[in-house]
Amino acid sequence: MVEVGDRIIGYSTDTGVRNKGASGGLVTAVLAAALEKGLVEEVVVLKHISEYEAVPIITSDVNEVLASAGSMHTVPVNLAKYAVGKNVAMPGKACDIRGVIEQAKRNEVDIDNAYLIGLNCGGTMYPVQTQEMLINMYEIDPEDVTGENIEKGNLIFRTRSGEEKGISIDELEEAGYGRRESCRYCDVKIPVNADLACGNWGVIGELSGNATFCEVMNEKGVRLLENAIEAGFIEIQPASDKAIAIREKVNNVMLSMSEKWSEKIFTEIPDGERTRYYMEQFADCIDCGACKEVCPACTCGEDSKCTMYHNLEDNYRMSMFHMVRLMHLSDSCIGCGQCTDVCPADIPVTTIFRRFAEKSQKKYNYKAGMTLERPPFLEVMPR
Amino acid sequence: MDEPRIGVFICECGVNIGGVVDCQKVADYAGTLPDVVRSSVNKYTCSDSGQSEIKQAIKDNKLNRVLVAACTPKTHEPIFRACVEEAGLNPYLFEFVNIREHCSWIHMQEKEEATEKACELVRMGVSRSSKLEPLQSNEVPVTDTALVIGAGVAGMQSALDIADMGYKVYLVEKNPSIGGKMAQLDKTFPTNDCSICILGPKMVEVARNKNIELMTYSEVEEVDGYVGNFKVKVKHKARYVDVDTCTGCGLCVQKCPVEVPNTEFNEGIGTRKAIYVPFPQAVPLRAVVDRSVCIDCGACSRACSSNSVIMEQEDSFSELDVGVIVVTAGFDVYDPEPTHDFGYGLYDNVITGMELERLINASGPTMGKVVRPSDVKPPKKVGFIQCVGSRDKKRNRYCSSFCCMYALKDAQLIREKYPDSEVYIMYMDMRTPFRNYEEFYDRARDMGIRFIRGKPGKVTEVENGDLKVRVEDTLTNDIIDLDLDLLVLSVGAVSGESTERIRQILKVSRAADGFMMEAHPKLKPVDTTLDGIFIGGVTQGPKDIPYSVSQGSACAARASRYLAQGKAITEGITVDVNDDICVACGICVPMCPFQALSLEDGKLNIIKALCKGCGTCAVACPTGALQQNHFKNDQLLAQVKNVFTFGEE
Amino acid sequence: MTENKQWEPKIVAFCCNWCSYGGADTAGMGRFQQPASLRIIRVMCSGRIDPLHVFNAFLEGADAVLVTGCHLGDCHYVNGNYKTQVRYDFMEDMVLELGLEPERLHLSWISASEGEKFANFVREVTEQVRKLGPSPLKPEGVN
Amino acid sequence: MKEMIYQTICPGCGVGCGLFIRENDEGKLSIDHMKSSPVNLGKLCRFGMKLPHYYAKANNAVNMTDGSAVDAETAIKAAVEILKDADTDSVALLSVGNTSNEEQMAFTKLAETLGTVVQTGIQKMCMPEPGTLAEIEKAKKIVLFVDPYVQYPLIVRRLLAAKKNGAHIISVGTNPLNLADETLDLKPEQYGELELDSESLIIADVHPNSDAGILKSVKSLAKGTGAGIQFMKPFMNSNGAALLANKDGNMMGLAELMEDIELGNIRTLVTLDSDPVELMPDAEAAIEALKNLDKLIVIGSVNGPAAEMADVVIATDPVYSKAGTFLNVEDSLQENSGTGKAGVDALSLLNAGIGGKTFTHDEMNYLVMKTIGSRETGTAQCKGSEIELSLVEIPEDMYELRYLYNPFMWSDREDDNDFVLLNRNTVKKLGLKKGGCVNLKGEMGELKMRFRVEAIPDGLVLTAKKLPIAKGVSTAISMEVC
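Protein chains in written order, with full-length UniProt numbering: chain A, 1 to 383; chain B, 1 to 649; chain C, 1 to 143; chain D, 1 to 482.
Pulled out of the complex, with its shape left as it was, chain A reads as follows (with noise of 0.2 Å):
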């Protein structure tokens, strides 16, 4: 039987699901059976809508599951705000995962009936300028694509005649492409904060393509696991070593990768010049609050303390609205990326949200999302 701590390589046991779900199915077969054996009422999942764009839904119904989108590199939304629900299952990469326990220690989500599924993930891409990138980089007509990865550091589209095109995401992104910021410095690329840490990485073999590496992170992933092989969803394996060496090997690879982008972002701004440069950053703000809306470290309602005191007659020199969230999030922020992505008026938010909460976190030694731990500010007594 599966023990925590477990690694091993699974596939779907249904063939359509094996072929249509990326790498062998595991996942979709998992969160299938969750749902079937009744393990969890809900499951998140993201409905395909086009090859660029899914939107999350909550659903009960296995047939949903089983047609969903999969892991989509062009599709950067957060899910944790859509695992409300008292008894759900979600597959998730790192910063989802991260964001539902955030909500959880915000009572918004019950964690100990919120079933997790971590997705290792090297980063997303917007889909508008992914589609430009196609068209310019690939020469591809982006209606022709049908599905991507990321494999080696290159980014490979697949098209409709079965063709594979590759180009390394460095020249991707030196050209202006490829993932999104803060994906680019995000340190957490295999979701070992889920209950189960999936992924392709370390999958090799014949198997290669068609088979998940597994990590079981918790008694909940146990629970998952078992229940699926109990409905005989899944067939599972213990992993290799050499499979789980590779899989060491591409993480560290995606990790000295970030550290260098982490480097070329967080440029250290003199302190001189720190005020302004914060002001002027914020000073295109039109006030939207969308970056709120979509924080998913946030479970304030429309009315909290960053949007009751902020009034646009106070006319101060920097808003009185990211003040209240630069300090309510610097020890809770988790790096998503959602706010830059949201911000009409292309305000930088998530990279200067994180300047502070990249010191703050350092300091007290907490990474926000990995586990339950209370966020330092929230604590009575000083560390």
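It is worth saying that the hints were derived from the structure and are not from the lab. In this text, a Cβ means the ideal position worked out from N, Cα and C, and glycines have one as well. Keep in mind that the hints are not guaranteed to be accurate.
With beta-carbon atoms standing in for the labels, derived distance ranges [unchecked claim]: (1) C:Glu140 x B:Glu133: 31 to 39 Å; (2) D:Asn178 x A:Glu373: 33 to 41 Å; (3) C:Glu140 x A:Glu273: 15 to 23 Å; (4) A:Glu273 x D:Pro395: 44 to 52 Å; (5) B:Gly586 x D:Thr371: 54 to 62 Å; (6) A:Ile269 x D:Ile5: 39 to 47 Å; (7) A:Glu273 x D:Ala285: 47 to 55 Å; (8) A:Lys47 x C:Leu72: 53 to 61 Å; (9) A:Glu171 x D:Ser332: 28 to 36 Å; (10) A:Lys47 x B:Glu133: 47 to 55 Å; (11) A:Glu259 x D:Gln190: 54 to 62 Å; (12) D:Ala69 x A:Asp144: 46 to 54 Å; (13) B:Gln109 x A:Ile269: 42 to 50 Å.
With the hints as your guide, set chains B, C and D onto chain A.
Coordinates of chains B, C and D only, in the frame set by chain A:
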């Protein structure tokens, strides 16, 4: 709420304010501020005429807010709140601005700046005043029983007073007998009457009082709830003796083969058995078994004619519902052992004052014979060192208050018992306030006791356990080498471990000296910041017997106000939650040290009676749904905003 | 304010009712003279001081903000000032990252008896801020 | 649990932001960002973010006759009776572009049967062909006649991108904009100072209250310098409405239309998602004018103030659940995923009732596509004369209250812009107190408002909110401290 109509009253406070601040100018300025309908200057706003002017103005100008700019709210806010309340205004619609301590007195040379600052302070106050909301204090019913923790002399007095007023009292004592430290003392200053002789009858009175339920050898384990509605869990430690049938005859004690030092009552001098009666006058006069040394031989059981020894007994618990709690948990005597103060613990003949009490006591281990430990011979030359463990930056900074007097008493007793002895008291200052204390000091001098003003530097043991003490007499600047047989350290009081445990259970504040903190050093000396919990005796800080007894009575009086009224008025400034905004994230819950907050059915629940109105939860609240009344965010931010003006103003 | 006077900072101090507000009172009673730069806002406990209030003070034009309360262990509300300490550490980090000079935000534990300490504290901070000049967050034309 | 997800566009203005509207099983609406939308990449402005509120408030349109709720059939029947009796010359149809092309087309069909035209509230004017919003990013010099932050927030990022690409941005107006390199308060005769060329772009907007004089000057500025011009529009389908309205009819401005109603020239008014009370700067006057009508028929998804006065209200589907297409300011065609056809169906029955043909949504869609495919381009549209409005004279001792019209004002959106803008001299002169308020006195009354201090020219008071004390784009008012 109607449109704010603020009346502003600027107080000159004689020349205290008026001598620096141009009060008329401030009043004129206040008149131009939004919502202010009248403003004026008074000579003394707090005087009768000042107060009647406020009341008149409330009527004449239909004021619904009053602002007084005068001295500090810490002393005068209650006065003005009462004043506006008499005129029919909610007291929380009164706003106080401090232009004396915070302005005129600290800017005495800069009159112009002071006036300008006063204007700004008034403007800040006015902006806050506009946003004030009326508040109501809450009423909660009070269970008409009291809990007194600790049955020393203060606790006994308190229990008796409450009981005599007709209320049921649970008196919980951790030791097998009541009596506390006073039962250990020999004589009491300044009358030198026998301690147990005056305490004994009181102890019996406590036992006999029908309204007092005595719980000895018992400890308070948990306290929940709030004023009027405390739930208390008490542990009754197994005594292994049936209290109801034991007669305290002592036959069992005689048969018991185990003998150990008597640390409980005789400060380790002499011995007691594994089964023992605490002391001859103990109440209840019942035996108790020390199972940590008992060898289970069964001798006591066989000796007992009433079959009162029950070795199977286990700790039991009771749950009490009480309305008020009086804490008279007492203190510990300062222990010089760990730091070997003046050779204590190293040299046999250095003893503490408490040890001397037991030695000198006629019913003590030596039957009142003062002997020195090394050779059990009466000492010829006795020295006392004062302020041991007290008034010492490295130990405790405070004065333990009773050591001077007990040293004088013990010195006199030694001189009386052994007229040929020499007695020295080495002191920093002799502190002898209150009736007949100074006379007592005079008597000691008359009796030939020698006083040396100085704290000894070094104590060394010479042969036969004799001691050499070097002390500088700071009055004569002479270095004196005293050869002594016995050295008594006049040790002070410290808040003991068990008192600290009670403090933590009750969540009473701790003062810097480690004792429990009163609500106000002058005006609420036996209240705590927690409604319905009172502190008396040395629990609150070192004091002598009369003062402890007074505090015991004071606690009883303060506590029975609740019992007599049957209701308690709780803090008006509490937190409130706006359910429309609250997302029930629960972040605030662990922030409250008073357990006033909880999440119930996805909603935040506030027990108003537990809330003390500190507002720390409101800061943790990310949504701003939780607001501290009277210090709401918009009230505070209005003040912040009005610190500043457009430069041209 | 008249034109020829030297610029005087505006400092907002949040004081708890029981200790530091009392400390300011004691400073007054002891007639410890201070620069007229300070504006005190009273709260019941320093644990009520919200970063919201502090940031708002800066945005409104404060040249410095003081957070004050009872000495640790002496809180009237058991542990309010420990919470203040936790929050202050965050505020301080934030103010520094925002590029404000460290002299513009202070935390001090002042008991009701420490009037002289209070006065000295005000004098020192005012002196420091005078040297720094107006806060970069101060809105134009406001003082 | 079953959720509905609608792929739709934001009805806030003519930009046409894509988004998803999610409807949970309790009918509660929320938004999802459509990051694949090339118009807005999923980004939304304040209005878009609050769209669920707008729908929650607005989607309560109910079929009514004379103020009482009835079923659709009864309402349509009542409307038919009114239209049958109406005299062709005194009937007017108004649709400013708050609905789909298909409904717009159906409305035009109804107009044809009635022998009249659909008015769009904007007088016929020579409009250049719209460019794409992406072109903003490429311009070398940009002249703004709008405040993008308040009026069209989703072009802010385009402008910032342009700036990053080296564009010089000049704001011609009154409010200093953070993204502008300079702010010039120019009169039309001074526009030459802008020194534009063919790599320059002018951004202005056209709405029912536009100052025709300025519009004309702006156009001639573009023509004279070869600069491009991007007209922003306040309604989600302004372009569709303009395109699908009967081309050769007499197109009036909204003000003219209201004047005709006031004069009794128009006795029956039919509106399609267009509320004159909300659209006119002075709501009271608009209500008074509408009282002169014999009959008022309101068709739409929104129950505005006009619906309250209407003889008949015919309810259509809220925008997000409508089937249909829209043309945004770039003239790019966008499609809703909704299936609601109540609007077209009602118009079809109305048309049939008065002797016309019935039609279906699909037929309308076909006609829309055909029209779009064959539309005339560029200045070929320009015919007829243009009328100039005269500018208001402001007396010496008074202030000019000027509206910063924004599209969201017409969606009856409670905004945080609950203040007026004035400058430091004004503050000083009036002795205003920080955090206090100012008393505005106009010919229609007094109002206490909070204020914000900005570096705007002397004597000016700006508002981005409709104030009941003044009418028109620009009004003389007096002010005092309160």
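Quick rundown of the hints versus the structure:
Judged by the Cβ atoms, the range 31 to 39 Å given for Glu140 of chain C and Glu133 of chain B holds: they are separated by roughly 34 Å. The beta-carbon spacing between Asn178 of chain D and Glu373 of chain A, approximately 40 Å, falls within the hinted interval of 33 to 41 Å. Separated by about 20 Å at the C-beta atoms, Glu140 of chain C and Glu273 of chain A satisfy the suggested range of 15 to 23 Å. Distance hint for Glu273 of chain A and Pro395 of chain D: a CB-CB separation of about 48 Å, consistent with the stated range 44 to 52 Å.
The given range of 54 to 62 Å is respected by Gly586 of chain B and Thr371 of chain D, whose C-beta atoms sit roughly 58 Å from each other. Look at Ile269 of chain A against Ile5 of chain D: about 42 Å separates their beta carbons, and that is inside 39 to 47 Å. At roughly 53 Å, the beta carbons of Glu273 of chain A and Ala285 of chain D sit within the given window of 47 to 55 Å. Our hint of 53 to 61 Å for Lys47 of chain A and Leu72 of chain C holds, since their Cβ atoms are close to 54 Å apart.
Distance hint check for Glu171 of chain A and Ser332 of chain D: the Cβ-Cβ separation is about 32 Å, which falls inside the suggested range of 28 to 36 Å. For Lys47 of chain A and Glu133 of chain B, the Cβ-Cβ distance of about 49 Å falls inside the hinted range of 47 to 55 Å, so the restraint holds. For the pair Glu259 of chain A and Gln190 of chain D, the beta carbons lie near 55 Å from each other, so the given range of 54 to 62 Å is met. Distance hint check for Ala69 of chain D and Asp144 of chain A: the Cβ-Cβ separation is about 52 Å, which falls inside the suggested range of 46 to 54 Å.
With their beta carbons about 44 Å apart, Gln109 of chain B and Ile269 of chain A fall inside the hinted range of 42 to 50 Å.
In summary, this structure violates none of the numbered hints.
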